[in-house]
Amino acid sequence: MVAAKEQRNEILANQLLFGQIRFGHHAAPSTKALHWFSMPSDWHIVEIGQIASEVSVTNSDSDDLPVLSCTKYDGLVDSLKYFDKQVFSHDTSKYKVVQRGQFAYATNHIEEGSIGYQDFLPAGLVSPIYTVFQADSTKIDDGYLYKLLKTEKLRQLFAANTNASVDRRGSLRWKEFARIHIPLPLLGEQQQISAILDEAKREIALLKAQAEALKTQKRGLMQKLLTGQWRVPLERKEATA
Numbered sequence: 005m006v007a008a009k010e011q012r013n014e015i016l017a018n019q020l021l022f023g024q025i026r027f028g029h030h031a032a033p034s035t036k037a038l039h040w041f042s043m044p045s046d047w048h049i050v051e052i053g054q055i056a057s058e059v060s061v062t063n064s065d066s067d068d069l070p071v072l073s074c075t076k077y078d079g080l081v082d083s084l085k086y087f088d089k090q091v092f093s094h095d096t097s098k099y100k101v102v103q104r105g106q107f108a109y110a111t112n113h114i115e116e117g118s119i120g121y122q123d124f125l126p127a128g129l130v131s132p133i134y135t136v137f138q139a140d141s142t143k144i145d146d147g148y149l150y151k152l153l154k155t156e157k158l159r160q161l162f163a164a165n166t167n168a169s170v171d172r173r174g175s176l177r178w179k180e181f182a183r184i185h186i187p188l189p190l191l192g193e194q195q196q197i198s199a200i201l202d203e204a205k206r207e208i209a210l211l212k213a214q215a216e217a218l219k220t221q222k223r224g225l226m227q228k229l230l231t232g233q234w235r236v237p238l239e240r241k242e243a244t245a
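With positions in the sequence shown counted from 1, the corresponding number in our numbering is that position plus 4.
Because the hints were derived from the structure by calculation, they are not lab data.
Warning: the hint list may mix true and false statements.
[What the hints assert, rightly or not] For lysine to aspartate or glutamate, the following EDC-like pairs were computed, each having C-alpha atoms within a straight-line distance of at most 16 Å:
hint, residue 1, residue 2
1, Lys76, Asp46
2, Lys154, Asp202
3, Lys154, Glu115
[Said to hold, decoys possible] Computed spacing ranges between beta-carbons, pair by pair:
hint, residue 1, residue 2, range
4, Gln24, Asp78, 21 to 29 Å
5, Gln90, Ala37, 25 to 33 Å
6, Ala217, Ile49, 41 to 49 Å
7, Arg206, Lys89, 26 to 34 Å
8, Arg223, Pro132, 40 to 48 Å
Backbone N, C-alpha and C fix where the C-beta goes; we use that ideal spot for every residue, glycine too.
Turn these sequences into a full structure, and let the hints steer you where they fit.
What follows is the structure, encoded as structure tokens:
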């Protein structure tokens, strides 16, 4: 049930983020096709560098900040908590600071979809090989941009640009990343799209919590039955004449 809901939400996200589904007065009569995707004719097509800029602040004072890692499905996570062990250097003086409201991606793993949005800490650190950037809030909604960057279509774009990169290590640095094109509706429509997808995500989280609670309940019941704490009463058969 949860898997089916997640699949439906992924389809919904693609339909909303690329304008296949519109809302009321936003509806446009025609679309325009680009190499990687189609979008409504009243949307703009922009390079990422037009709506965001790279940020490069190193932890030169060796501040004791949590080190973050970027994952394909969960985005940015607290590295120690996620991996349950230290997978980063003890010396973090060359690590990059990523503030709340900033994005980061693994420069050499972006083709896998390893990109995240930092919205759970005042500040954290990422490896020096990461790229950190910040969106212009007057042009694009952070929630809309993050959801767009996590789509399969954008992951394919990252992979194509990584393969075409002059960097022999297979990295996609900011210079190339900033030239990638994305669809851009008006800010109000961006926010509406993001809000709908946030609600869909909350529904999935609720379903997962309910499923986990049911699993725990069943496990506890079986344990009590197996240890004899609970007994199932057997019906007595009436004696037959």
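Against the structure, the hints come out as follows:
The straight-line distance between the Cα atoms of lysine 76 and aspartate 46 is roughly 31 Å, outside the 16 Å bound, and the hint therefore fails. Among the hinted pairs, lysine 154 with aspartate 202 is consistent with the structure: their alpha-carbon atoms are about 14 Å apart, no more than 16 Å. Among the hinted pairs, lysine 154 with glutamate 115 is consistent with the structure: their alpha-carbon atoms are about 11 Å apart, no more than 16 Å. Range check, glutamine 24 to aspartate 78: Cβ separation about 26 Å, and the 21 to 29 Å hint holds.
For the pair glutamine 90 and alanine 37, the supplied restraint of 25 to 33 Å is violated, since their beta-carbon distance comes to about 48 Å. Between alanine 217 and isoleucine 49 the CB atoms are about 45 Å apart, so this pair conforms to the stated range of 41 to 49 Å. Checked against the hint of 26 to 34 Å, the C-beta distance between arginine 206 and lysine 89 comes to roughly 31 Å, which is consistent with it. Take arginine 223 and proline 132: their Cβ atoms lie about 44 Å apart, and the range 40 to 48 Å holds.
Taken one by one, the earlier hints fail for this structure at numbers 1, 5, listed in ascending order.
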